[in-house]
Amino acid sequence: MFLNTGLALFAAFHLLALASGYGWLDAHPRSPGGWAAAHLLVLGWATMTAMGAAYQLLHVVLQTKLHSEGLAYVHYAVYALGTVGLVLAFRAFSPAAITAFGALAACGIALFAWNLARTLLRARQWNTVTLSTAGALACLVLAALIGVAMGASFWLGAGSALHARLFTAHLWFGAIGWFGLLITGYTYKLLPMFYLAHGYPRRLEGVVLLLWSAAVLALLVAVFFPQAVSIPRAAHLAGAAYLWGWVGFTILGYLSKIVPFLWWTHKYGPKVGKEPVPSLAELLNDRLAGRTLAVMALAFLLFMAALAAGWIPLAKASGMVLSLAALGYTILLAKTFTK
Amino acid sequence: MATLTKTDVEDLLRQVVDPELGVNIVDLGLVYHIEITTEGDVTVTMTLTTPGCPLHEAMITGVEESLRRHPAVRDVRVQLVWSPPWTPERMSEAAKRQLGMR
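Quick mapping for you: the protein sequence lines, in order, are chains A and B.
In this text, residue positions in the first sequence follow this note's numbering: the first is 27, and each later residue adds one.
In this text, residue positions in the second sequence follow this note's numbering: the first is 117, and each later residue adds one.
Please note that the accuracy of each hint is not assured.
[As the list claims (entries may be wrong)] Listed next, the in silico SDA-like pairs over lysine to any residue satisfying Cα-Cα at most 20 Å (straight line):
(1) Lys342(A) x Pro167(B)
(2) Lys361(A) x Asn311(A)
(3) Lys300(A) x Pro167(B)
(4) Lys297(A) x Val194(B)
(5) Lys297(A) x Glu136(B)
(6) Lys293(A) x Gln195(B)
(7) Lys91(A) x Asn140(B)
(8) Lys342(A) x Trp270(A)
(9) Lys283(A) x Pro170(B)
(10) Lys300(A) x Thr153(B)
(11) Lys297(A) x Lys122(B)
(12) Lys122(B) x Gln195(B)
(13) Lys91(A) x Pro167(B)
(14) Lys293(A) x Lys122(B)
Source of the hints: derived by calculation from the structure; they are not laboratory data.
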């Protein structure tokens with residue numbers, strides 16, 4: 027459910043980008059269209075997908091059941107409604123609706139965090155994977171609460187100085203805290219599992235977790251002393267490279283393993299030993315998936331280079347190639363469900 | 117009554133294939149011990165490639181189903197253990213070749 031909705035919203039983002047001819051590149055990123063596009067991708071796709079994967083993987087890591095499966099369905103409904111409403115509210119530029127739907131999405135996030143936190147506390151297995159998950163959850167809740175506060179401050183006409191501080195915190199907790207901690211933590215489990223890596227050195231895992239957590243806390247400097255931090259244009263590009271280049275491509279890569287695996291478990295798991303079942307490789311064309319991702323990566327690099335050089339027409343053209351390849355990749359993943 | 121040997125059990129278990137790797141669980145080295153009683157009760161002690169492997173239930177069901185088809189089998193019990201942990205060195209030469217590790 028989470029993965030399918032995430033894929034559908036990923037496709038929606040690219041269809042909208044293609045339909046507008048990447049017109050949002052002409053506008054300032056902090057404009058209603060830019061906010062809508064960013065939240066569609068970050069909340070609708072990346073976070074929706076990460077939530078589905080987190081439910082699945084925490085159960086694997088802890089070898090225990092989720093606190094409440096029923097609550098996960100409620101979370102899905104509340105979060106999906108809040109996210110789609112929030113994107114539409116941004117497009118309509120309605121501060122009241124932005125605050126209301128933002129609060130609904132935040133409620134969905136709170137349900138997710140509660141469900142996972144109860145599971146973690148019951149299992150009491152603390153290692154780099156579970157600690158990273160706990161930290162990521164805390165950051166996600168903070169990013170959501172700050173996001174709602176931003177909507178309310180905008181709606182109620184609070185000062186721009188407060189808004190700027192909230193914006194920095196919202197971005198940092200969401201991008202560095204939530205995605206950063208979750209991806210680094212889960213990678214410690216996923217990569218060895220997918221590639222049968224055993225006996226590798228693990229002593230740096232804790233160091234990475236500490237450094238990453240310190241980076242999240244360093245945010246306090248920017249929030250309380252905003253004059254001490256200046257954000258040059260290069261930092262905006264680095265931010266895009268981080269979110270698309272690392273977060274986005276990591277999720278896309280993992281999906282090529284996770285989607286066939288979940289479908290196989292659902293459809294063929296009960297048939298093992300009774301009749302011949304296909305292998306995972308037969309459910310998804312791995313070579314084609316790799317080539318499509320390579321096209322996306324090249325288009326993305328060109329997109330970033332063009333943005334850095336200020337060549338907007340080239341950025342638009344490479345963005346469109348990126349979107350077409352992304353749609354192709356989505357279809358490739360979706361075809362798994364027909365096998 | 118049909119008889120049952122360890123080789124029979126291993127042959128049946130070769131029909132249970134890890135869907136990720138495309139290699140059967142015997143050649144992967146996942147089967148640690150096989151015990152057969154004269155009454156036809158079979159106990160398979162096995163592991164998985166990684167603790168908490170999400171294929172847990174499918175693999176156990178696969179082992180049970182494949183063995184129960186043999187007329188000499190009365191009951192099947194699967195014991196999943198994590199010690200000693202599985203490593204790629206436990207794979208047969210054929211499996212290593214199949215996965216391009218040789």
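Comparing the hints with the structure gives:
Between Lys342(A) and Pro167(B), the direct Cα distance comes to roughly 46 Å. Violation of the 20 Å bound is thereby established for this hinted pair. This hinted pair checks out: Lys361(A) and Asn311(A) have alpha carbons roughly 10 Å apart, not beyond 20 Å. In summary, the hint linking Lys300(A) to Pro167(B) is not supported, as the alpha carbons are separated by about 25 Å, beyond the 20 Å threshold. Between Lys297(A) and Val194(B) the CA atoms are separated by roughly 17 Å; this keeps the pair inside 20 Å, and the hint holds.
Distance check on the hinted pair: Lys297(A) and Glu136(B) sit about 16 Å apart at the alpha-carbon level, within 20 Å; holds. Taken as a hint, the Lys293(A) and Gln195(B) pair is broken in the structure, with Cα atoms around 25 Å apart against an allowance of 20 Å. Distance hint between Lys91(A) and Asn140(B) is unfulfilled; the C-alpha atoms sit about 28 Å from each other, more than 20 Å. About 16 Å separates the Cα atoms of Lys342(A) and Trp270(A), which keeps this hinted pair within 20 Å; it holds.
In summary, the hint linking Lys283(A) to Pro170(B) is supported, as the alpha carbons are separated by about 13 Å, within the 20 Å threshold. As the CA atoms of Lys300(A) and Thr153(B) are separated by approximately 24 Å, the hinted pair breaks the 20 Å bound. At most 20 Å may separate the alpha-carbon atoms for a hinted pair to count; Lys297(A) and Lys122(B) exceed this at roughly 24 Å. Among the hinted pairs, Lys122(B) with Gln195(B) is consistent with the structure: their alpha-carbon atoms are about 17 Å apart, no more than 20 Å.
A C-alpha spacing of about 15 Å is found between Lys91(A) and Pro167(B), which places the hinted pair at or below 20 Å, so the restraint holds. Proposed proximity of Lys293(A) and Lys122(B) is contradicted: the alpha carbons are some 31 Å apart, above 20 Å.
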